[in-house]
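Residue numbers (this note's numbering), protein chains in the order written: chain E, 1 to 810; chain F, 1 to 220.
Do not rely on the hints blindly, as some may be mistaken.
[To be verified] 20 angstroms max Cα-Cα, derived EDC-like pairs, lysine to aspartate or glutamate: (1) 429/E x 47/F; (2) 678/E x 744/E; (3) 74/E x 56/E; (4) 9/F x 193/F; (5) 484/E x 192/F; (6) 484/E x 193/F; (7) 718/E x 132/F; (8) 718/E x 94/F; (9) 718/E x 668/E; (10) 718/E x 47/F.
Honestly, the hints are just simulated from the structure, not real lab data.
No experiment lies behind these values; they were computed from the predicted model shown.
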Amino acid sequence: MTALPPAFETWFASRGWSIHHHQREMLARSDDPTLLLIAPTGGGKTLAGFLPTLVDLAEGTNDGLHTLYISPLKALAADIKRNLRTPVEEMGLPIRIEDRTGDTPSSRKRRQRADPPHILLTTPESLALLTSYEDADRTFNGLKRVVVDEIHALAESKRGDQLMLALTRLQALCPDLKRVGLSATVEDPAAIAHLLARHPDPCAILQADPGPDPDISMLTTDEPPPWAGGGAAYSIPAVMTQIEAHNTTLIFHNTRAQAEIFFHNLWLANEDALPIGIHHGSLDRVQRERVEGAMQRGELRAIVCTGSLDLGIDWGDVDLVIQIGAPKNVKRLVQRIGRANHRYNAPSKALLVPANRFEVVECQAALDAVRAHDLDGDPRGPGPFDVLCQHILIRACAGPFDASELYAEITSAGAYADLTRDTFDDCLKFCATGGYALRAYDQWQRLLQRPDGHWQLRDPRATQLIRMNIGTIQDTDTLKVRLKRSRGGKPLGEIEEGFAATLTPGDTFLIGGQIVRFESLREMTVEVSRNAAKKPKVATFGGTKFATSTQLSQRILDILQQPNWPDLPDHTADWLHLQRDVSQMPQAGELLIESFPRDGRENTVIYGFAGRNAMQTLGLLLTKRMEELGLAPLGFVSTDYATMIWGLEPITDPAPLFEPQILREGLEAWLAGNALMKRTFRASATIAGLIQRNSPSARKSGRQATMSSDIIYDTLAKYDPDHLLLSITRIEAMRGLIDFGRIEEMLARIAGRITLRRLEHVSPLAAPLFLEVGRTPVAGEGQERLLSIETDRLMAEAGLLQPTKGQPTN
Amino acid sequence: MRGYDFTLKDTKLTALASGALYMPQAQLLCVSDLHLGKAGRRARLGEALLPPYETQDTLTRLEQDLKATQARQVICLGDSFDDLAASASLPEAETLWLTSLQAGRHWIWIEGNHDPGPVDLGGTHLAEVVVDGIVFRHIAKPSAQVEISGHYHPKARLVLRGRTLSKPAFLVDHSRVIMPAYGTYTGGLRSDDPALCNLMAADALAILTGREARAVPMPR
């Protein structure tokens, strides 16, 4: 039990602050081996994490490194350094604080290893690199505490897995090391605690007072949302009014493209020239930093942004958060809402803006979930093996090791607690010999076992190559689209990697309002040519990174089952009533399929509610199967809730298409030659150290381009199909973009109950899917207008009348 | 036997879809840039432990071509091994396999920049060789009159029926042939690279390998 020293009491008092209960609690429990603090933004989380350190160091008796702070962002490390210096300087504490990231000059990095500061602020990658040095034991000598900030964000990625493996190393070097995790509100704190704690140690969870419930509602506008699209341009006047009525408004978007369009439209409507900025990950760093600076100085009235502002950098006086487009995930929504109002104990204020009619239902489902404190999240599964392989190589850089000791260390990381010795040995074998069925490299293996049983690098010079390739961050998940160089090479925009992977040369799709033909994928750029004549076969991927979560999908299905919809605006309730009259409502316990002719084509709509990625995969598998059955599918489009397939023949007997066994077999066949598998292979092979991104001898002659990773994939698939890396690739692809897990989940949910409704016309719920075909993430003004004309026509055909513009809808 | 027939100074040649070249009048099969032992070399250098199946895969394809053509002579046009150490450390099974392919055939190893010297295997080792008036050497000489060479690993990209293809390719004009790389673990140099454009005449053809051998004007 540590009491707050008088100097600290005085300092708190001088700031006019009183110490929060959870801050005092963190101090009191500073001897707990692991402690996870869940606190909303603005709850003094960082200070809570550092208070025990500051108190401990105040006496000035500590030599060397005392506390290691790890954050997912370099910028956050710099921000924390600034914030920590205030109390340290004002109390005159003898504490040295430094950060260490990829941007730190190498002279300072060297000095930090020999003479570390009291508090070192760093990132998971920089920490992994530090543990790879032979003198790591000296650098970390005496380390007492490690603070992992924004652990909820790290826990969702391989960066977190790598970090937790590095912590097992630190724990081995410093057995008394105490771990602290700082997290935003999450659905399953115990899962994060499990990742953070040394397994099987318990991890206490401290819940800070979450504060009052947020003041959250759907933005009501004079004009109803359109039938399709994601731009929410209709809401601009209402959003402008909100900006004028508040101090600083954060306007979150699900995609960068939508943020760009919205920002453009907002600027056109900004008659009073209010200072409004834009911030997203595709912008140049200089521009982002300029916006961040202006925000911190309180100079901006609104910032249009994406997930790039999700993490906890202190942005000053935000008093309203607006979410444009349905939140795909309740947890992320709650974390975003938390950005409003840094004054603790005042409710955060937030507005949801549905971008289209279906999203009205999605937003209502999200509102219900937030009010019920029902957060969602899909468990990530066990720690990935490619990261494990990299960890073994990093460990080998630091010096010889005993396999059993390393295995014990690794299984003390929560994500790897269930790792079997066999799998560990497979990974070790892969690192040592390549792990091939054909033994070839005995004399050149990368790791050798010494007579005393310890493993070491055969060639100590290999450390350089391994260190140069530390990290798990892969190429961005969007690809630039540009015209072929021979046509001028003009950049057109970006599409999602997952969509690009499904394209074959000759496919046409929409981007920037024009139809283009996919030519090739070169050096991470999608090359296209203009192709005005053709109707696009496959629509451009919606641009939403995250599929609607399972829980949120369930809530949507529940809403659809209601006898009536008093909570929904009339325009949406009327739409749903009409669906019930014309066809029927989708429900969780069965699979609704609608079939109807239109424009000489047969359309089939499958209401799977399995999330966009899984529905996309389902579309690929079903069209492949339909092709085999002679049903002549011409194309499909997927959303979070449905897949629509159009073709020449109607489906009359859908059940055989949904035989789980047949779908699984189709997946196997499709996977084997799929570009997605090869891309996943490249990512995992890079992390596991088979392919090097960086090499000291990369004197690329420019002549003989490096052999493509596809050749390695093909060779392995042909001669060594059971190789570790192929099974890793499969696991990773399945839980990534393919998301077959949710197809399985859907199949289990419907248990063979399939209802086929043959209709004469397009149904109300299906009608917006036709607009998905022509949808593009970067639609210009003209495109939006055309869209609205086409939507009205379609809706009239479905028996729906567009309410008069300007008519109040609530 | 799938191939594309053409003549080089009155000598009939067939570019096989596999990337080998056949000269019927001499019953001669020519392959270039096998880069056998590439995975092993990378392992030796401590770079990466690539799947060690590329020699097996390359020899499998070579054996198929030898069977199909019934060739009596074989010229390996340099860079047959990824380096000299790779030739020395070829696994026994693969050495035996190679020896069985050589049995009953006149086998010539041309030196390449990766394997500049005799290798410890049967056959004749030469810097270059002339067969029926055609010079076989590893690296093309701009001044050469009638020449077959390798080294550059040419590949050609083109759009056929809306599909972009990038395939290892023979480059052929009236005085020379540049062979594609035959080895499994080999990258390629695009035919529009200045090094290749400068060597080849304006009316040169590119013969794409793959399922079929298809000739197109050399993309540049």
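Cross-check of the supplied hints:
1. At most 20 angstroms may separate the alpha-carbon atoms for a hinted pair to count; residue 429/E and residue 47/F meet this at roughly 16 angstroms.
2. For the proposed pair residue 678/E and residue 744/E, the alpha carbon gap of about 23 angstroms is over 20 angstroms, so the pair is violated.
3. The hinted pair formed by residue 74/E and residue 56/E fails the criterion: a straight-line CA distance of about 26 angstroms is larger than 20 angstroms.
4. Taken as a hint, the residue 9/F and residue 193/F pair is broken in the structure, with Cα atoms around 26 angstroms apart against an allowance of 20 angstroms.
5. Among the hinted pairs, residue 484/E with residue 192/F is consistent with the structure: their alpha-carbon atoms are about 15 angstroms apart, no more than 20 angstroms.
6. At most 20 angstroms may separate the alpha-carbon atoms for a hinted pair to count; residue 484/E and residue 193/F meet this at roughly 17 angstroms.
7. The suggested pairing of residue 718/E with residue 132/F is violated, with an alpha-carbon distance near 40 angstroms, which exceeds 20 angstroms.
8. Under the criterion of a C-alpha separation no larger than 20 angstroms, the hint pairing residue 718/E with residue 94/F is consistent with the structure, at around 18 angstroms.
9. Distance restraint check for residue 718/E and residue 668/E: the Cα-Cα separation of roughly 15 angstroms lies within the 20 angstroms cut-off, and the hinted pair is therefore satisfied.
10. Between residue 718/E and residue 47/F the CA atoms are separated by roughly 23 angstroms; this puts the pair beyond 20 angstroms, and the hint is violated.
The earlier numbered hints that this structure contradicts are 2, 3, 4, 7 and 10.
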